[in-house]
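Residues 586 to 693 (the numbering used here) are what the sequence shown spells out, left to right.
No lab work stands behind these hints, which were simulated from the structure alone.
You may find that some hints are simply not true.
[What the hints assert, rightly or not] Per label pair, the in silico range of CB-to-CB distance:
no., residue 1, residue 2, range
1, Gln590, Ala614, 24 to 34 Å
2, Ser608, Leu643, 48 to 58 Å
3, Asp588, Ala635, 36 to 46 Å
4, Leu626, Leu687, 37 to 47 Å
5, Val666, Met631, 10 to 20 Å
6, Pro630, Trp589, 19 to 29 Å
7, Trp668, Leu598, 34 to 44 Å
8, Trp668, Leu692, 18 to 28 Å
9, Val670, Val616, 36 to 46 Å
10, Ala635, Ala609, 18 to 28 Å
11, Thr587, Ala644, 37 to 47 Å
12, Trp592, Gly647, 28 to 38 Å
13, Leu626, Trp671, 22 to 32 Å
14, Leu692, Ala632, 30 to 40 Å
Keep in mind it's a predicted model, so treat the numbers as computed, not measured.
For every residue, glycine included, the Cβ atom is placed at its ideal position computed from N, Cα and C.
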Amino acid sequence: MTDWQIWMVLLGLGACSVLSRSSALLLPAWVQLPGWLVVGLRYAPMAALAAVITPQFLAPAGELALGFDNPRLLAGLAGLVAWWVWRDLLAVLAVGTVTFFLVGWALG
Numbered sequence: 586m587t588d589w590q591i592w593m594v595l596l597g598l599g600a601c602s603v604l605s606r607s608s609a610l611l612l613p614a615w616v617q618l619p620g621w622l623v624v625g626l627r628y629a630p631m632a633a634l635a636a637v638i639t640p641q642f643l644a645p646a647g648e649l650a651l652g653f654d655n656p657r658l659l660a661g662l663a664g665l666v667a668w669w670v671w672r673d674l675l676a677v678l679a680v681g682t683v684t685f686f687l688v689g690w691a692l693g
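Let the hints inform the model, and build the full structure from the sequences given.
Okay, structure coming up:
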């Protein structure tokens with residue numbers, strides 16, 4: 586590819602990215618999204634975050650590790666318990682981090 590072609594590809598991809606991300610802002614006011622779509626879009630950020638984080642808990646080395654020798658899984662479970670008990674993000678972070686380091690230290 587020539588330099589000109591590379592720049593055209595980059596500009597085209599940038600334009601596609603901007604248009605797809607701002608499409609909701611660029612819609613006319615008379616266009617209403619269906620209720621089921623609005624409800625579903627509320628959960629999109631958490632679903633994306635779960636899709637990125639969950640594999641690190643369940644398969645940190647690329648293969649499934651559901652035993653007690655997986656400090657990430659145990660820290661995640663401890664964080665879930667902390668959230669269930671206190672409903673406080675700082676508590677989740679503190680409990681998860683301490684659990685991760687203690688289990689890692691205990692396993693050597």
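Cross-check of the supplied hints:
1. A C-beta distance of roughly 39 Å is found between Gln590 and Ala614, which places it outside the suggested range of 24 to 34 Å.
2. Taking the beta carbon of each, Ser608 and Leu643 are about 34 Å apart, not inside 48 to 58 Å as hinted.
3. One distance hint, 36 to 46 Å for the beta-carbon pair Asp588 and Ala635, holds here, with the actual separation near 41 Å.
4. Distance hint check for Leu626 and Leu687: the Cβ-Cβ separation is about 39 Å, which falls inside the suggested range of 37 to 47 Å.
5. Roughly 19 Å separates the CB atoms of Val666 and Met631, a value that falls within the hinted 10 to 20 Å.
6. Judged by the Cβ atoms, the range 19 to 29 Å given for Pro630 and Trp589 is violated: they are separated by roughly 38 Å.
7. Taken as a hint, the range 34 to 44 Å holds for the pair Trp668 and Leu598, whose Cβ atoms sit roughly 38 Å apart.
8. The beta-carbon spacing between Trp668 and Leu692, approximately 24 Å, falls within the hinted interval of 18 to 28 Å.
9. The beta-carbon spacing between Val670 and Val616, approximately 44 Å, falls within the hinted interval of 36 to 46 Å.
10. Between Ala635 and Ala609, the C-beta spacing of about 22 Å keeps the proposed range 18 to 28 Å intact.
11. Between Thr587 and Ala644 the CB atoms are about 42 Å apart, so this pair conforms to the stated range of 37 to 47 Å.
12. About 37 Å separates the C-beta atoms of Trp592 and Gly647, a value consistent with the hinted range of 28 to 38 Å.
13. Between Leu626 and Trp671 the Cβ separation comes to about 29 Å, which falls inside the hinted range of 22 to 32 Å.
14. As the Cβ distance of Leu692 to Ala632 is approximately 31 Å, the hint placing it in 30 to 40 Å holds.
Comparing the model with each numbered hint stated earlier shows that hints 1, 2, 6 do not hold.
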